[in-house]
Amino acid sequence: MSTAVAEMEAHDHHGPEKGIRRWLFATNHKDIGTMYLLFSLVMLFVGGAMAMIIRSELMMPGLQFVNPGFYNQMTTMHALVMIFGAIMPAFVGLANWMIPLMVGAPDMALPRMNNLSFWILPAAFTILLSTLFMSGGGPAGGWTMYPPLVLQTGDAFPYLIFSIHLMGLSSIMGAINIIVTIINMRAPDMALIKMPMFVWSWLITAYLLIAVMPVLAGAVTMLLTDQFFGTSFFLAAGGGDPVMFQHIFWFFGHPEVYIMILPAFGVVSEVIPTFARKPLFGHDSMVYAISAIAFLSFIVWAHHMFTVGMPLTGQLFFMFATMLIAVPTGVKIFNWTATMWGGAMTFETPMLFALAFLFLFTIGGFSGVMVAIVPADIQYHDSYFVVAHFHYVLVPGALFGILAAVYYWLPKWTGRMYNEKLGQIHFWLTAIFVNVTFFPMHFLGLAGMPRRIPDYATQFTDWNFMASIGAFGFGLSQLLFAYIVINCMRGRGEAATAEVWDHPKGLEWTVPSPAPYHTFDEPPRVPPAQTFS
Amino acid sequence: MKNDHRSPRSVRTTALWLAAIAVAFYLGFILLSAIRA
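Residue numbers (the numbering used here), protein chains in the order written: chain A, 155 to 687; chain B, 6 to 42.
The set of hints was computed from the structure by calculation and includes no laboratory data. Glycine included, each C-beta is placed from N, C-alpha and C at the ideal position. Treat each hint with caution, since some may be false.
Claimed, not checked - FRET-style restraints, in silico, Cβ to Cβ: (1) B:Leu36 to A:Thr298: 31 to 37 Å; (2) B:Ala39 to A:Asn221: 35 to 41 Å; (3) B:Arg14 to A:Ile623: 56 to 62 Å; (4) B:Ala39 to A:Ala652: 17 to 23 Å; (5) A:Thr280 to B:Thr18: 53 to 59 Å; (6) B:Leu36 to A:Leu305: 18 to 24 Å; (7) A:Leu286 to B:Ala39: 30 to 36 Å; (8) B:Leu36 to A:Leu470: 40 to 46 Å; (9) B:Arg14 to A:Thr500: 46 to 52 Å; (10) B:Leu36 to A:Glu574: 51 to 57 Å; (11) B:Arg14 to A:Thr298: 49 to 55 Å; (12) A:Leu178 to B:Thr18: 42 to 48 Å; (13) B:Arg14 to A:Pro276: 32 to 38 Å.
Sequences are here, hints too, so could you generate the full structure?
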């Protein structure tokens, strides 16, 4: 008997496997989280390189470097890589690493499915990126894949559809895993409503993913059958309706925007209380606000397509429903501000990124209200104003949320403090260049410059030149980020304590730094603020 | 593992329900589109 028990105990406390098997067959949430995060970092640079090509071409009027066909491939692939390859996997990586630690679970609920969710992604992106080398090149009709234009894609088309299916499958499996972990495996004393905000934001995000990723998959399946199997879902010549694709796509696409931002809300809700040294103001109202945003995200999709024409009642409904989102978002912004009010604040790098998020995401929110107004949107539509708007939401919004999270939890992951001075330099370079890049795009859009063009009229030259300089600076600054992260991973820097920061709240700070390979083998004692009482 | 307080059945049930919802949304949207087209 003792042998069997000893074997079981040995199995329970084994360390990581050696070599490549540790990563190929990984079932440990920390290993899988690390792989997701590194994958998204690589994709950030791949998508970033495409952005550099775009900005090089747009630096001056006239055609400089690439032909228009390749330029269109770059805009399309930049979006697909950044959305599905960089932002979403980064948040799933953060979820994998932190959710079990934050809810006191020993691992994710379905570890082998977790492995599959991750390893599908490199395959999907290898397929997608390989289309750039095919005759006819990669997809070039925009990431929205509107028919009939997308049906003119060459050999790349089925590869595009297949890779989108794979990315969707990966996201759905990841979302199922996250929900099951939170619902079934959190520490017995942890009340659902009192869970950490990052966990709450991910719980709601995971439900959004399960609701809308299958819709995207359905839409691209129908594109596939229209192209190869004689159906006419979206082909007007066969009795189909191309505008229906836009409705279905944006029924996915708008919640997708919130899938990319809600976890960032969660991160900011963790970071600000730590560095303001106060509990989060209005924890429960934050949960309700995120839930309200998630609900509203399902009933605003047609604001992306006001110009295709719809009844006045439709325009009014989608306009007002969109504006309504400002209410729960305002609740969150004011709650974060109230958390800082009277706090003993310090400004380490994660806090700087969280504060920049607060200011700059709000700018993106304001321009969002502007484009929600139907008569104004008909002017703004497909202009650089829209490009400015969604980049303000996604870069100083989603990406800054990720950067804040990485700086905040990196010492917990690696056991090493990052170099604070370099972190601050990275922050200031990033924050300055992001505005130099994207703020001029508002002016370009208002002056009438359309998006998705490789050349433009000469009156747009100055602001484009400025945006390109900003983009190069922004891109180079991220090399510093990679350097800082790699340094910590290689064990350089001061050793981190278990708490890392000044008395942060949450179970993740009760385990040593770096977090041991297996944590919470026994149910932890939940902090009083998170119990049912 | 002493912290394995989850019930395997509840894990499986929750996961299968969520997967079923995903499949229903996928097929449902295609079906609705087919009816409309």
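Results for each hint:
1. B:Leu36 to A:Thr298: 31 to 37 Å: Given a distance of about 23 Å, which is not inside 31 to 37 Å, the answer is violated.
2. B:Ala39 to A:Asn221: 35 to 41 Å: holds, 39 Å
3. B:Arg14 to A:Ile623: 56 to 62 Å: holds, 59 Å
4. B:Ala39 to A:Ala652: 17 to 23 Å: violated, 57 Å
5. A:Thr280 to B:Thr18: 53 to 59 Å: For A:Thr280 and B:Thr18 the Cβ distance comes to about 35 Å; the hint is violated.
6. B:Leu36 to A:Leu305: 18 to 24 Å: The hint (18 to 24 Å, Cβ to Cβ) holds, given that B:Leu36 and A:Leu305 are roughly 22 Å apart.
7. A:Leu286 to B:Ala39: 30 to 36 Å: holds, 34 Å
8. B:Leu36 to A:Leu470: 40 to 46 Å: violated, 30 Å
9. B:Arg14 to A:Thr500: 46 to 52 Å: holds, 47 Å
10. B:Leu36 to A:Glu574: 51 to 57 Å: At 56 Å between Cβs, range holds.
11. B:Arg14 to A:Thr298: 49 to 55 Å: violated, 42 Å
12. A:Leu178 to B:Thr18: 42 to 48 Å: violated, 30 Å
13. B:Arg14 to A:Pro276: 32 to 38 Å: holds, 33 Å
This entry does not satisfy hints 1, 4, 5, 8, 11, 12, going by the numbered hints stated previously.
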